[in-house]
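A.B. asks: Okay, here's what each chain looks like letter by letter:
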Amino acid sequence: MIPELGHLALILALLLAIAQAGFPLIGSLTGHRPWMAMARPLAYGQLAFVAIAFAALADAFLISDFSVLYVSQHSNTLLPDIYKFSAVWGGHEGSLLLWALMLAGWGAAVATFSRNLPLPVVARVISVLGLVAIGFLLFMLLTSNPFERHFPVPPEGRDLNPLLQDFGLAVHPPMLYMGYVGFSVAFAFAIAALIGGKLDAAWARWSRPWTLVAWVFLTIGIALGSWWAYYELGWGGWWFWDPVENASLMPWLVGTALIHSLAVTEKRAAFKSWTVLLAISAFSLSLLGTFLVRSGVLTSVHAFATDPARGLFILIFLCLVIGGSLSLYAWRAPQVAEGGRFGLVSRESALLVNNLLFVAFTVLVLFGTLAPLIYEAFDLGKISVGFPWFNKMFLALAPFLALLLGIGPLARWKQDDPWRLTRLLKTAFVLSIAIMAIGNLPIVSGGAAWVPVGLALATWLVVAHLHLLRERLQHKQAGWPRALLADLGGNGRSFYAMVIAHLGVAVFIVGVTMVSNHEIEKDVRMSPGDSHELAGYRFEFLGARKVDGPNYIADQGHFLVYRGKRQVAELFPEKRAYLGGGMPMTEAAIDAGVFRDIYVSLGEGVGGGDWALRLYYKPYVRWIWMGAVLMALGGAIAVSDRRYRNARARRSAPAGVLDAKA
Amino acid sequence: MSPRIKSLALSALLLLGSGSVSAYTLEEFKFDSPAQEAEFRDLIGKLRCLVCQNESLAGSQAGLAQDLRNEVYAMMRAGQPKDEILDFLVERYGDFVLYEPPLKPSTYLLWFGPFVFIGVGAFVVVRTLLGKKQAQDEPLSEAERERLQALMDPQRDAHSSDS
Numbered sequence: 019m020i021p022e023l024g025h026l027a028l029i030l031a032l033l034l035a036i037a038q039a040g041f042p043l044i045g046s047l048t049g050h051r052p053w054m055a056m057a058r059p060l061a062y063g064q065l066a067f068v069a070i071a072f073a074a075l076a077d078a079f080l081i082s083d084f085s086v087l088y089v090s091q092h093s094n095t096l097l098p099d100i101y102k103f104s105a106v107w108g109g110h111e112g113s114l115l116l117w118a119l120m121l122a123g124w125g126a127a128v129a130t131f132s133r134n135l136p137l138p139v140v141a142r143v144i145s146v147l148g149l150v151a152i153g154f155l156l157f158m159l160l161t162s163n164p165f166e167r168h169f170p171v172p173p174e175g176r177d178l179n180p181l182l183q184d185f186g187l188a189v190h191p192p193m194l195y196m197g198y199v200g201f202s203v204a205f206a207f208a209i210a211a212l213i214g215g216k217l218d219a220a221w222a223r224w225s226r227p228w229t230l231v232a233w234v235f236l237t238i239g240i241a242l243g244s245w246w247a248y249y250e251l252g253w254g255g256w257w258f259w260d261p262v263e264n265a266s267l268m269p270w271l272v273g274t275a276l277i278h279s280l281a282v283t284e285k286r287a288a289f290k291s292w293t294v295l296l297a298i299s300a301f302s303l304s305l306l307g308t309f310l311v312r313s314g315v316l317t318s319v320h321a322f323a324t325d326p327a328r329g330l331f332i333l334i335f336l337c338l339v340i341g342g343s344l345s346l347y348a349w350r351a352p353q354v355a356e357g358g359r360f361g362l363v364s365r366e367s368a369l370l371v372n373n374l375l376f377v378a379f380t381v382l383v384l385f386g387t388l389a390p391l392i393y394e395a396f397d398l399g400k401i402s403v404g405f406p407w408f409n410k411m412f413l414a415l416a417p418f419l420a421l422l423l424g425i426g427p428l429a430r431w432k433q434d435d436p437w438r439l440t441r442l443l444k445t446a447f448v449l450s451i452a453i454m455a456i457g458n459l460p461i462v463s464g465g466a467a468w469v470p471v472g473l474a475l476a477t478w479l480v481v482a483h484l485h486l487l488r489e490r491l492q493h494k495q496a497g498w499p500r501a502l503l504a505d506l507g508g509n510g511r512s513f514y515a516m517v518i519a520h521l522g523v524a525v526f527i528v529g530v531t532m533v534s535n536h537e538i539e540k541d542v543r544m545s546p547g548d549s550h551e552l553a554g555y556r557f558e559f560l561g562a563r564k565v566d567g568p569n570y571i572a573d574q575g576h577f578l579v580y581r582g583k584r585q586v587a588e589l590f591p592e593k594r595a596y597l598g599g600g601m602p603m604t605e606a607a608i609d610a611g612v613f614r615d616i617y618v619s620l621g622e623g624v625g626g627g628d629w630a631l632r633l634y635y636k637p638y639v640r641w642i643w644m645g646a647v648l649m650a651l652g653g654a655i656a657v658s659d660r661r662y663r664n665a666r667a668r669r670s671a672p673a674g675v676l677d678a679k680a
Numbered sequence: 044m045s046p047r048i049k050s051l052a053l054s055a056l057l058l059l060g061s062g063s064v065s066a067y068t069l070e071e072f073k074f075d076s077p078a079q080e081a082e083f084r085d086l087i088g089k090l091r092c093l094v095c096q097n098e099s100l101a102g103s104q105a106g107l108a109q110d111l112r113n114e115v116y117a118m119m120r121a122g123q124p125k126d127e128i129l130d131f132l133v134e135r136y137g138d139f140v141l142y143e144p145p146l147k148p149s150t151y152l153l154w155f156g157p158f159v160f161i162g163v164g165a166f167v168v169v170r171t172l173l174g175k176k177q178a179q180d181e182p183l184s185e186a187e188r189e190r191l192q193a194l195m196d197p198q199r200d201a202h203s204s205d206s
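Line by line, the protein sequences give chains Y and B.
Counted the way the working numbering counts, the first sequence spans residues 19 to 680.
Counted the way the working numbering counts, the second sequence spans residues 44 to 206.
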């Protein structure tokens, strides 16, 4: 009964979405206020019904209702409750429902936090979100209904993919989807602005916090995915250039370009049509990611579905969204005047090059992901494009981005004096060269040419941003501590947010450089009582025993790790066989530290109590995720800047002022 | 179709879709020296697991990957130089077996395409920048600015915002 209610709720949500896409938009075009005013209630209504559907599916999982096909495929009575709940989005249908829930959530958030916006703008934004929702709800109802029943009812479910029975993967998709779907708001603002024919600084200021929030979620989502892959897949990598990872990286790259170009549009009213194009691209790439993952065009660990009907639907949807918005862009954008003059050496120029590089990265990823398909389609032979190609191509460009990142924030808007910049960056340059020389010593670099380069670039970034801080604070009369506090309390927050996010890049660079060049891995065979030396640590193997988990049986190894005489860690790596069947899973044991991780993964039992094992020493690997966390933190702080709150606090804005003529 | 290729195709069918998630180890291979082990690691890192999605021979658990590893190991022990081993495998399985696509006319697009794109993009950017110098400054009109201020900052924030 409850699953049918869920199904019904989805159908009602679809009807509401159709109304949401239609009435407010038509109202905004004809100036009919009551229709525009329907936008908010419809957005709330849609959220309510999608939430009911989601709750119905969650309920079916929690009570193990295996008469629901989707539940029987992705759950099991033995599954711990938390994973029963996260199993709701453990497969294709449920993850779409989660997507729709978030879309409705973002719509309701726009409805709530847009009191100061002119009504026609709100109406158009919410209508565009309604259009997107129609696509997803139709997709679900036509090809991927999560509430489908089947008969006979199996006594037991098939179990959730053991890979997904993990905390990291329980929270990774929601974060990622919040990011993906969040870009739909930036997209909706862009489309609304195109429809209204008014792209201005106000539009940029409205869409900026929304874009930042989406970007923060996406950053966290990607970092969680990387962290999860690191500890769960059992071979200690943190990025694989898997098509599914690439699918999430592309919107992130374009989104990063977007938040920078929005800054220019807000401050200087320049780059307007370019910013709109980026907003359209960011969301289109989110959809493309969904298409690549869901259609099964690229099969990989993550692809749950291979169904041509689904692929076709997404392809058509994708063409409609991208084609429609680009046509609108082509039609409307030329009318939007490009403003804001700036010189060759200026903040604007730096941000333009930043955008060029981020778009280039996106093209790289897109091209590398699709190349095998293209080559196959045109009969050019089968090729494999994996991490060797991606690493080489990224490393060819990344240093330029890092160099620019040291210069851009110091440059002034409009026009700057190259000699002023040179003087400012002198110290950073000298220190970076010094670090490069130190990094080049064999004891530091271990012979790897990238070590001095990476460390020098990180130094360059840090010193340049310290200069930036000094620049800002030294001229304040009140003295720097007070100036700092005043900044943090008020409008200056976004400045510190930027510094924090950029320092995150430096931290990330150090992490990647060190772990890529200095990690040590060793395959060994050990008997109980054996010990093995690796990177100054002694691993003592005490043996393995059987342990029972809630829905698996595991072999659990027991290790003591010593540094000299001191015991630094006690590790219990596992190899699990899930009762639901499938491949055995390696549960690596990790002793995490700021400067190094020690990582043990259990291979095969080779008889007589002996085990084949893999030991890893991973220096600075945490810095990769710490860097990502700093970037996300920067984004979050930027959103809290007072100028957005001011805009939000004002409730009684005269509606329609900005685009009365629409 | 040789029997070997047939069995390869069959294993490919069977193995497709089965993710490989546990760590195999190199323990079973014995080496004369650490240098030889490093060379072996390097070699299997350059080769691709033919039936997996996006995995090198070094990372893969698949049975076929194990067979191929054994073969590479045997060739190496027989004293064949690295290049010869790679050539032999490319001849048998095609370029697909190399994890890094080789540089040759059919892959020029892959290796240089992105840079051509960047070159064109850079050209457009530079042209825009130079064009900007002559372009008319088109600031917000006074009326627009007023309206924007009234809408955004009712309290007329005194601070200069910067980010």
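Keep in mind that a hint or two might mislead.
Below, a list of computed lysine-lysine pairs in the BS3-like style, where the Cα atoms sit at most 25 angstroms apart [said to hold, decoys possible]:
| hint | chain 1 | residue 1 | chain 2 | residue 2 |
| --- | --- | --- | --- | --- |
| 1 | B | Lys73 | Y | Lys410 |
| 2 | B | Lys147 | Y | Lys432 |
| 3 | B | Lys147 | Y | Lys540 |
| 4 | Y | Lys400 | Y | Lys410 |
| 5 | B | Lys73 | Y | Lys444 |
| 6 | B | Lys147 | Y | Lys400 |
| 7 | Y | Lys410 | B | Lys125 |
| 8 | Y | Lys540 | Y | Lys432 |
| 9 | B | Lys89 | Y | Lys583 |
| 10 | Y | Lys410 | B | Lys147 |
| 11 | B | Lys147 | B | Lys73 |
| 12 | Y | Lys410 | Y | Lys444 |
| 13 | Y | Lys400 | B | Lys73 |
| 14 | Y | Lys583 | Y | Lys564 |
Since the hints were derived computationally from the structure, they do not count as laboratory data.
Every value quoted in this text rests on a predicted model; they were computed, and no experiment measured them.
A.B. asks: Given the hint that Lys540 of chain Y pairs with Lys432 of chain Y, test it: the Cα-Cα distance must not exceed 25 angstroms.
C.D. replies: 55 angstroms, violated
A.B. asks: Take the C-alpha atoms of Lys89 of chain B and Lys583 of chain Y, compute the straight-line distance between them, and say whether it is at most 25 angstroms.
C.D. replies: With Cα atoms ~39 angstroms apart, Lys89 of chain B and Lys583 of chain Y exceed 25 angstroms; violated.
A.B. asks: Taking only the CA atoms, is the gap from Lys147 of chain B to Lys540 of chain Y under or equal to 25 angstroms?
C.D. replies: 35 angstroms, violated
A.B. asks: Given the proposed pairing of Lys583 of chain Y with Lys564 of chain Y, does the C-alpha separation stay at or below 25 angstroms?
C.D. replies: 29 angstroms, violated
A.B. asks: Between Lys147 of chain B and Lys400 of chain Y, is the straight-line Cα distance small enough, at 25 angstroms or below?
C.D. replies: 14 angstroms, holds
A.B. asks: Between Lys73 of chain B and Lys410 of chain Y, does the CA-CA distance stay at or below 25 angstroms?
C.D. replies: 32 angstroms, violated
A.B. asks: Within 25 angstroms, alpha carbon to alpha carbon, are Lys400 of chain Y and Lys73 of chain B?
C.D. replies: Distance ~33 angstroms between Lys400 of chain Y and Lys73 of chain B Cα, so the pair is violated.
A.B. asks: Given the hint that Lys410 of chain Y pairs with Lys147 of chain B, test it: the Cα-Cα distance must not exceed 25 angstroms.
C.D. replies: Given that 25 angstroms is the threshold and the Cα spacing comes to 17 angstroms, the pair holds.
A.B. asks: Would you check the hint for Lys410 of chain Y and Lys125 of chain B, treating anything up to 25 angstroms between C-alpha atoms as holding?
C.D. replies: 22 angstroms, holds
A.B. asks: Is Lys410 of chain Y within 25 angstroms of Lys444 of chain Y, Cα to Cα?
C.D. replies: 30 angstroms, violated
A.B. asks: Does Lys410 of chain Y sit within 25 angstroms of Lys400 of chain Y, going by the straight-line distance between their CA atoms?
C.D. replies: With a Cα-Cα distance of about 20 angstroms, the restraint between Lys400 of chain Y and Lys410 of chain Y holds, given a limit of 25 angstroms.
A.B. asks: Please verify whether Lys73 of chain B and Lys444 of chain Y have alpha carbons no more than 25 angstroms apart.
C.D. replies: Cα-Cα ~53 angstroms, so violated.
Going through the hint list in order, the structure does not satisfy hints 1, 2, 3, 5, 8, 9, 11, 12, 13, 14.
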